[in-house]
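> Listed here are the chains, written in short residue letters.
Number of protein chains: 2
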Amino acid sequence: MTRMADGSVVSNEDRVAGGGLLHRRLLFGAGSMLAGAALVAPRGALGAANPHDDSPPSMLKPGATMRGYGQPSPYEASVQRGIGRPLPEIAPGTGVSNTPLQYMDGFITPNGLHFERHHNGVPDIDPKTHKVLIHGLVQRPLTFTVEDLLRYPMVSRLVFIECGGNSGRNTAKEPLQLPFHMVNGLLSCAEWTGVPLGLLLEEAGVDPRGKWILAESADAAGMSRSIPLEKAMGDTIVALYQNGERVRPENGYPARLVVPGWIGNINVKWLRRIKVTEGPTETKDETSRYTELRPDGKAWQFQLVMDVKSVICRPSRGLRMSGPGFYEISGLAWSGHGKVAKVEVSADGGSSWAEAALQDPVLPRCLTRFRMPWQWDGAPATLLSRATDESGNVQPTRAKWMAAYAPGQFYNYNAIAAARIAEGGEVFNAYV
Amino acid sequence: MTRMADGSVVSNEDRVAGGGLLHRRLLFGAGSMLAGAALVAPRGALGAANPHDDSPPSMLKPGATMRGYGQPSPYEASVQRGIGRPLPEIAPGTGVSNTPLQYMDGFITPNGLHFERHHNGVPDIDPKTHKVLIHGLVQRPLTFTVEDLLRYPMVSRLVFIECGGNSGRNTAKEPLQLPFHMVNGLLSCAEWTGVPLGLLLEEAGVDPRGKWILAESADAAGMSRSIPLEKAMGDTIVALYQNGERVRPENGYPARLVVPGWIGNINVKWLRRIKVTEGPTETKDETSRYTELRPDGKAWQFQLVMDVKSVICRPSRGLRMSGPGFYEISGLAWSGHGKVAKVEVSADGGSSWAEAALQDPVLPRCLTRFRMPWQWDGAPATLLSRATDESGNVQPTRAKWMAAYAPGQFYNYNAIAAARIAEGGEVFNAYV
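These protein sequences, in sequence, are chains A and B.
According to this note's numbering, the residues represented by the first sequence are 239 to 670, in order.
According to this note's numbering, the residues represented by the second sequence are 239 to 670, in order.
Warning: the hint list may mix true and false statements.
Stated by the list, open to error - DSS-like cross-link-like pairs, simulated, lysine-lysine; straight-line CA separation at most 30 Å: (1) B:577 x A:580; (2) B:580 x A:577; (3) B:299 x B:369; (4) B:299 x B:411; (5) B:522 x A:299.
Keep in mind that the hints were calculated from the coordinates and are not lab data.
Bound conformation, chain A alone (with noise of 0.2 Å):
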């Protein structure tokens, strides 16, 4: 047993790893290996004082009557996404607004907060009048209303959408030091709900020679994707609700696709036309962009698949520690691939490696929350995550990363992400 600085108890076999890493089974209704530790020193027993005196003043008058539709609390203002800088000499309304997710917890994004990228800001559809159409290399091109697609057979998927841009600019040559979401919250998660794509391609009649399709967006920059039709006919939906509710405006609104587990913007928004075609279109949106220079000068393309990947959302950067003592070290992880298989945090720059406890349940292609017990004494430390998938893919090294691509690429960054602590409890974005 060790009495640490602020008068709590650890067992010495529950250090599984340096810096002060504990073993995930104190978490999770373990409670009483936790018990009688002061895990954060609550501000002390009551004693004789009579805790009946203590009416708040919420006690002392009726409140709010029901509203129609919620809203989040006013002292819960702050907690927004964060919108990077507008790009007019790009294209008006092109950006990013990011999920601001050091102050979140579980896995769910809810709607308000899911991140967006729109080319050229995000527009205004009628559902009365909109149309999906399907065409090209099938026996009969036809078109769906909005309430003709309410009315098909409708499938859920819980699944994590993440920006092929995001975590790019931990390929800067110094660490910048942004609040944690302006680099890594390209990334929700929630349950959409939709028609099967590969139930109207079928209605429709695919012609033997269709082998992709395109899919096109009603917005102005009109954002196009080539897809493999063996995906598209697989587990793509054509969401119509989000998290229980239509889709939002900025997350496709009427009608979207759900391309579970592939780069952010092949999950086409506003959909408005699906092409079934030979080959892959070779839109703007895939060639010019969303593409990855290599060493050798040639160019990763269709690069579709978000490979295996964890980032820890606290402790980070725009956080402060408030002194030594116990701390939950909390963060998500997901792959493209399938499952999580486990994910392992360093609390000591990388010397030492222990396990974390993943929240069930553990979906494929969601985003899985983990979390690890540490008891901080307060000295410099160093924190990273590696996430393992099912499939056997594990997270690479910063240095493994960028030695893959050409100098100045950033799309589909998944490499191991460092915080450090410095004494005095700042947070810095690093590299290890």
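Go by the hints and put chain B onto chain A.
Just chain B now, kept in the frame of chain A:
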């Protein structure tokens, strides 16, 4: 094979019960089996029309810019919680608002539409001054600020919360012809994340005499409920997050209990105090209310687990069939005892039944979406659903439920519900 009035074709082996119910294998990626069925009579092939001539207005000008916190589409402004009649004669702010389940899909309830039940309105609580006290039969009383609680290890639970009064209106002598959600919408489901209550209780040190707790709210009603210690030490959490963001004001900001699978109001909102006691405290909220009189004059008390139940959300009262043809019957099933094992659907008032498809993941004490393909021939039909949970509990008939309670009782109503489809397509709430 049968050619339907609308031109669609259904094989006889796909007919699994009377009234047009089709086998659930027709859903979920088995698109080929429905292919060519012209499910909802799409608006016709385009033929020689040039699909490139029809750029919609949304493509002709840039769209709106990013926002810090998103809102639903203005076109969906009518999708609101249904607010019940105010009851100022009881107390200001008492009443309910109902989740509009018939306009939703999936199993997650977005935070803006989570049902409300308040006994004296929504209190305004400053998280900087709010405290949670644990006292009574403990070795040392403890107080926790919200900041303290946020430091503790967290767990997440995807669980339903159902008000004890949900669907109680179906105890009325004649079926009320209210929109579906005004009868069955006191039901929602979210990912709740927070601190295991057992962890906090163990830190306080529960006296061996302690067998129950009293959970008290900081609202003006002083809402308070007794909970057996075993459940409090089990899967109960002090929730700080709701679908990823901090708990909404109407759902207990800054902290509420989540008691998985148990009656709604035991999930005490605006949590202020936990007192460990020898027995139940017999508060006004568990004696004069949330108890049920039996026919023999005795009363059920502490009927805490929400029994197995299902409802068909579509078609339902307030919606209208748009002519004969294919429909998906879509609903929700749940059980406070664990997972849903199966849901059966009848389209002929109970003469024949067929098993519905359950949407993965099927989780314990969570809503489960069920779906059933249905070919409606335009004749009057009566739809029913009947859930069975993994413990073998089966949803009772209305007659059986009514026989178990004295007249006028309505809490914990979980009987099979019926929707009668009239010729012409109007849907009525019905009894069978």
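> Give a verdict on every hint.
Evaluated hints:
Straight-line distance between C-alpha atoms of residue 577 of chain B and residue 580 of chain A comes to about 26 Å, which keeps the hinted pair within the 30 Å bound. Distance restraint check for residue 580 of chain B and residue 577 of chain A: the Cα-Cα separation of roughly 26 Å lies within the 30 Å cut-off, and the hinted pair is therefore satisfied. Distance hint between residue 299 of chain B and residue 369 of chain B is unfulfilled; the C-alpha atoms sit about 52 Å from each other, more than 30 Å. Note on residue 299 of chain B and residue 411 of chain B: the hinted pairing is violated, with a Cα-Cα distance of about 57 Å set against a maximum of 30 Å.
With a C-alpha separation of about 19 Å, the suggested pairing of residue 522 of chain B with residue 299 of chain A holds against the 30 Å cut-off.
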